[in-house]
Amino acid sequence: QACFIAYQLIKTVIYLNSNKIMHRNIHPENILISDTEFHEDLIFIKLGNFRKATVYDSDKPQTQMIGKGYFIDPEILKGNYNESCDLWTIGIIIFMLIEGKPPFVGETEEETFLKIQNESLTFSKSSIFAQNFLFRILRKKSSERPSAKELLKDLWFQEMNVNDLFFFSEFDARRIFQI
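When we follow this note's numbering, the leftmost residue of the sequence shown carries the number 6, and every step to the right adds one.
Derived from the structure by calculation, the hints contain no laboratory data. Accuracy of the hints is not assured; some may be wrong.
Straight-line C-alpha distance at most 25 Å; calculated PhoX-like pairs for lysine-lysine [claimed, not checked]: (1) K146 with K16; (2) K73 with K145; (3) K51 with K83; (4) K120 with K16; (5) K130 with K65; (6) K57 with K73; (7) K158 with K73; (8) K106 with K146; (9) K83 with K130.
Quick list of the computed label-pair ranges, beta carbon to beta carbon [as the list claims (entries may be wrong)]: (10) K73 with Q163: 27 to 33 Å; (11) S63 with E116: 32 to 38 Å; (12) R144 with T68: 18 to 24 Å; (13) E34 with K146: 25 to 31 Å.
These numbers come from a predicted model, not from an experiment. Backbone N, C-alpha and C fix where the C-beta goes; we use that ideal spot for every residue, glycine too.
Full structure from sequences and hints, please.
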């Protein structure tokens, strides 16, 4: 399920990026389970709450502090970020779905932010394919993260046969938005 949800979220980010939109507030409370689609044991999602979304210029970094707790991209904490912040939050969500806890937790919000910026990932339940995916999407520097399109080619998606589960070639990301 985590793999299938990650794939849908990344496809959504590709659609947003193609329209120069950065969500900036992807976290579990803004991911809705669709009750209009059904396919055996798969969960289909809709992305909601676009109040903090913005239209962006690729050449101009964002500086406004936006985000929530565990999900804040390290570059948002530094006050200089780009559209890749949405990929970071997807990585955090997928980590939590697989591992059952956030990757960076402190006693206080300030301590959590320091851990987000400085600590490395550790795993206890993830497959090697999921770990490799998470290492790629959760790189501290956005310039070192793959693009959303590159992430769709990740071995984790191939190993889990995501393309066979759903006809993503016909997938229309617009249908999972709840604006």
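Okay, the hints, checked on the actual structure:
1. K146 with K16: holds, 21 Å
2. K73 with K145: holds, 17 Å
3. K51 with K83: violated, 30 Å
4. K120 with K16: Distance ~29 Å between K120 and K16 Cα, so the pair is violated.
5. K130 with K65: violated, 39 Å
6. K57 with K73: holds, 11 Å
7. K158 with K73: violated, 28 Å
8. K106 with K146: Holds, at about 22 Å.
9. K83 with K130: violated, 31 Å
10. K73 with Q163: 27 to 33 Å: Given range 27 to 33 Å: holds, Cβ gap about 31 Å.
11. S63 with E116: 32 to 38 Å: holds, 33 Å
12. R144 with T68: 18 to 24 Å: The hinted range 18 to 24 Å holds for R144 and T68, with Cβ atoms some 21 Å apart.
13. E34 with K146: 25 to 31 Å: At roughly 27 Å between Cβ atoms, K146 and E34 fall inside 25 to 31 Å, so the hint holds.
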